[in-house]
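Visitor: Put together the whole structure using the sequences plus the hints.
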Amino acid sequence: MENTGTPREDCGYRSGLLPECAPLALTYTPMQQGSEPAYATNDALSRGTLFPGLDLPFMNLVNKTPTHSTPLRELMAIDFVVDELELYLDTHKNDSEAFATYQGFLKLAAEGRERYVARYGPVSQSDMINAKSYTWLNDPWPWDIGANAEEG
Amino acid sequence: MFVYEKKLQYPINIKTPNPALASYIISQYGGPDGELGASLRYLSQRYSMPFSELKGLLTDIGTEELGLIDYL
Numbered sequence: 474m475e476n477t478g479t480p481r482e483d484c485g486y487r488s489g490l491l492p493e494c495a496p497l498a499l500t501y502t503p504m505q506q507g508s509e510p511a512y513a514t515n516d517a518l519s520r521g522t523l524f525p526g527l528d529l530p531f532m533n534l535v536n537k538t539p540t541h542s543t544p545l546r547e548l549m550a551i552d553f554v555v556d557e558l559e560l561y562l563d564t565h566k567n568d569s570e571a572f573a574t575y576q577g578f579l580k581l582a583a584e585g586r587e588r589y590v591a592r593y594g595p596v597s598q599s600d601m602i603n604a605k606s607y608t609w610l611n612d613p614w615p616w617d618i619g620a621n622a623e624e625g
Numbered sequence: 006m007f008v009y010e011k012k013l014q015y016p017i018n019i020k021t022p023n024p025a026l027a028s029y030i031i032s033q034y035g036g037p038d039g040e041l042g043a044s045l046r047y048l049s050q051r052y053s054m055p056f057s058e059l060k061g062l063l064t065d066i067g068t069e070e071l072g073l074i075d076y077l
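Line by line, the protein sequences give chains A and B.
Residue 530 in our numbering sits at position 57 of the first sequence, and the numbers go up by one each step.
Residue 54 in our numbering sits at position 49 of the second sequence, and the numbers go up by one each step.
Just so you know, the hints here were simulated from the structure itself, not pulled from any lab data.
Built from N, CA and C at the ideal position, the CB exists for glycine as well.
Be careful, since some hints might not be right.
Here are the simulated DMTMM-like pairs of lysine to aspartate or glutamate, each with C-alpha atoms no more than 25 Å apart in a straight line [stated by the list, open to error]:
1) B:60 to A:556
2) A:537 to B:70
3) A:580 to B:58
4) A:537 to B:58
5) B:20 to A:617
6) B:11 to A:612
7) A:580 to A:563
8) A:566 to B:70
9) A:566 to B:65
10) B:11 to A:617
11) B:11 to A:509
12) B:11 to A:547
13) B:11 to A:516
14) B:60 to A:509
15) B:11 to A:556
16) A:537 to A:612
17) B:20 to A:516
18) A:566 to B:75
19) A:537 to A:509
20) A:566 to B:58
21) A:566 to A:509
22) B:60 to A:570
23) A:605 to B:10
Beyond 10 Å from chain B on every Cβ pair, some chain A residues (computed) [as the list claims (entries may be wrong)]:
24) 498
25) 529
26) 549
27) 566
28) 599
29) 602
30) 616
Guide: Here it is, written out as structure tokens:
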């Protein structure tokens, strides 16, 4: 196939269909490497990935981290990093550095959850182990308006 | 077996309700391209997956897709 660098006028490329003389394109999917650098916990939740190497914002629109943080948002951020590391470790199980990081975040998540539950109530039903009554049914539920308000 | 967590993975705070946009978003719930179908596809593809890395990956992704139903 000839490639002159400019689309040919007789090719019909403006018709919205794939023209006969369309040049071939190659797709390229980079493999995620081991020992990747990582974003800070709160930035990871905002960016939608823990790994700067995987961060390709759509149309370069970047979601900014809010300046004020709430206890729920902090818990979400730590849990998000745990989820990201789990997905990474699923395919990189011999990366001992990442595994140590993962264990560190599991500990942070457990501590953070304990503090959150003491103040706001159970996140899962087993969190009621020290509760005085069955507080699982208390509002808000995750889909209620204001349940996720930034001011907490 | 699944355990429900009474929180979202990412905060949602709707400031301006928009019914027209909402009708598009709800189409992501069920149907051929919805989260429900996506999560079940991941979770049932596990049963014929020969590699343990990918069994783990399909489990994690399918579980997260189920979590996305609460957003919608």
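Visitor: Each hint needs a verdict: does it hold in this structure or not?
Guide: Results of checking the hints against the structure:
1. B:60 to A:556: 16 Å, holds
2. A:537 to B:70: 24 Å, holds
3. A:580 to B:58: OK: residue 580 (chain A) and residue 58 (chain B) at ~24 Å, within 25 Å.
4. A:537 to B:58: The given pair, whose Cα atoms are some 33 Å apart, is violated under the 25 Å limit.
5. B:20 to A:617: Distance of about 13 Å is within 25 Å: holds.
6. B:11 to A:612: 10 Å, holds
7. A:580 to A:563: 19 Å, holds
8. A:566 to B:70: 23 Å, holds
9. A:566 to B:65: 14 Å, holds
10. B:11 to A:617: 11 Å, holds
11. B:11 to A:509: Distance of about 31 Å is beyond 25 Å: violated.
12. B:11 to A:547: 15 Å, holds
13. B:11 to A:516: 23 Å, holds
14. B:60 to A:509: 23 Å, holds
15. B:11 to A:556: The given pair, whose Cα atoms are some 16 Å apart, holds under the 25 Å limit.
16. A:537 to A:612: 29 Å, violated
17. B:20 to A:516: The given pair, whose Cα atoms are some 23 Å apart, holds under the 25 Å limit.
18. A:566 to B:75: The hint is violated at about 30 Å.
19. A:537 to A:509: Holds: residue 537 (chain A) and residue 509 (chain A) sit about 22 Å apart, inside 25 Å.
20. A:566 to B:58: Cα-Cα ~8 Å, so holds.
21. A:566 to A:509: Distance ~14 Å between residue 566 (chain A) and residue 509 (chain A) Cα, so the pair holds.
22. B:60 to A:570: 22 Å, holds
23. A:605 to B:10: 20 Å, holds
24. 498: Residue 498 (chain A) is indeed farther than 10 Å from all Cβ atoms of chain B, at 25 Å.
25. 529: 18 Å, holds
26. 549: Given a closest Cβ separation of 6 Å, the condition is violated.
27. 566: 7 Å, violated
28. 599: 8 Å, violated
29. 602: Given a closest Cβ separation of 14 Å, the condition holds.
30. 616: 6 Å, violated
The structure is inconsistent with the numbered hints 4, 11, 16, 18, 26, 27, 28 and 30, although it conforms to all the rest.
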